[in-house]
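Chemist: Using the hints, position chain P against chain E.
There are 2 protein chains.
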Amino acid sequence: MVGFASARVEKLIREAGAKRVSADAITRLNEVLTDYGMTIAKYAVEVARHSGRKTIKESDIKLASTK
Amino acid sequence: MVGFASARVEKLIREAGAKRVSADAITRLNEVLTDYGMTIAKYAVEVARHSGRKTIKESDIKLASTK
Chain E
1 MVGFASARVE KLIREAGAKR VSADAITRLN EVLTDYGMTI AKYAVEVARH SGRKTIKESD
61 IKLASTK
Chain P
1 MVGFASARVE KLIREAGAKR VSADAITRLN EVLTDYGMTI AKYAVEVARH SGRKTIKESD
61 IKLASTK
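Residue numbers (my numbering), protein chains in the order written: chain E, 1 to 67; chain P, 1 to 67.
Note that these hints are calculated values from the structure, not bench results. Predicted, not measured: the structure shown is a model, and the values here were computed from it. Virtual Cβ for every residue (Gly too), placed ideally from N, Cα, C. Just so you know, not all the hints are guaranteed correct.
[What the hints assert, rightly or not] Lysine to aspartate or glutamate pairs mimicking EDC-like chemistry, simulated, CA-CA at most 16 Å apart:
1) E:K57 / P:E31
2) P:K11 / P:D24
3) E:K67 / E:E46
4) E:K62 / P:E31
5) E:K19 / P:E31
6) P:K57 / E:E10
[Stated by the list, open to error] Cβ pair distances, simulated, as ranges:
7) P:M38 / E:V2: 15 to 21 Å
8) E:K19 / P:D24: 34 to 40 Å
9) P:M38 / E:E46: 23 to 29 Å
The shape of chain E in the complex, shown without the other chains (with noise of 0.2 Å):
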């Protein structure tokens, strides 16, 4: 699942010095953000309902981030 606009993903690896990068890349690197990134949102909703809140709070998902 890709989650990012395909844009923003390519600024990103062009700052990180590339002079080219090929569509593949792009998508990939979407890919991988968007898997890491559902795994931390799970386990911050899993440690506000244990808190019982319903709310997610950036404490949340800093303790979800570094798992």
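Modeler: For chain P alone, kept in the frame of chain E given last:
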């Protein structure tokens, strides 16, 4: 640094099961994903250079993201 559209990041958190999401949580996940994406992209650029290429290929991203 924040590299993605807030609406996309929020959508991802909602798809993970969140009922409500704070603005700070969205910003934090955006930062985490931007940093992770930049780390992968920089390593992919190094890998491509090492192979004598100027074009970042899917396999460079794949290798960099499993580092």
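Chemist: Confirm or reject each hint.
Modeler: Now the hints, each set against the structure:
1. E:K57 / P:E31: 14 Å, holds
2. P:K11 / P:D24: 14 Å, holds
3. E:K67 / E:E46: 12 Å, holds
4. E:K62 / P:E31: This hinted pair holds, its Cα atoms lying about 11 Å apart.
5. E:K19 / P:E31: Judged against 16 Å, a Cα distance of about 24 Å means the pair is violated.
6. P:K57 / E:E10: 12 Å, holds
7. P:M38 / E:V2: 15 to 21 Å: 18 Å, holds
8. E:K19 / P:D24: 34 to 40 Å: For D24 of chain P against K19 of chain E, whose Cβ atoms are near 36 Å apart, the range 34 to 40 Å holds.
9. P:M38 / E:E46: 23 to 29 Å: Taking Cβ atoms as reference, M38 of chain P and E46 of chain E lie about 27 Å apart, which means the hint holds.
Hint check: a violation occurs at hint 5 only; the rest are consistent with the structure.
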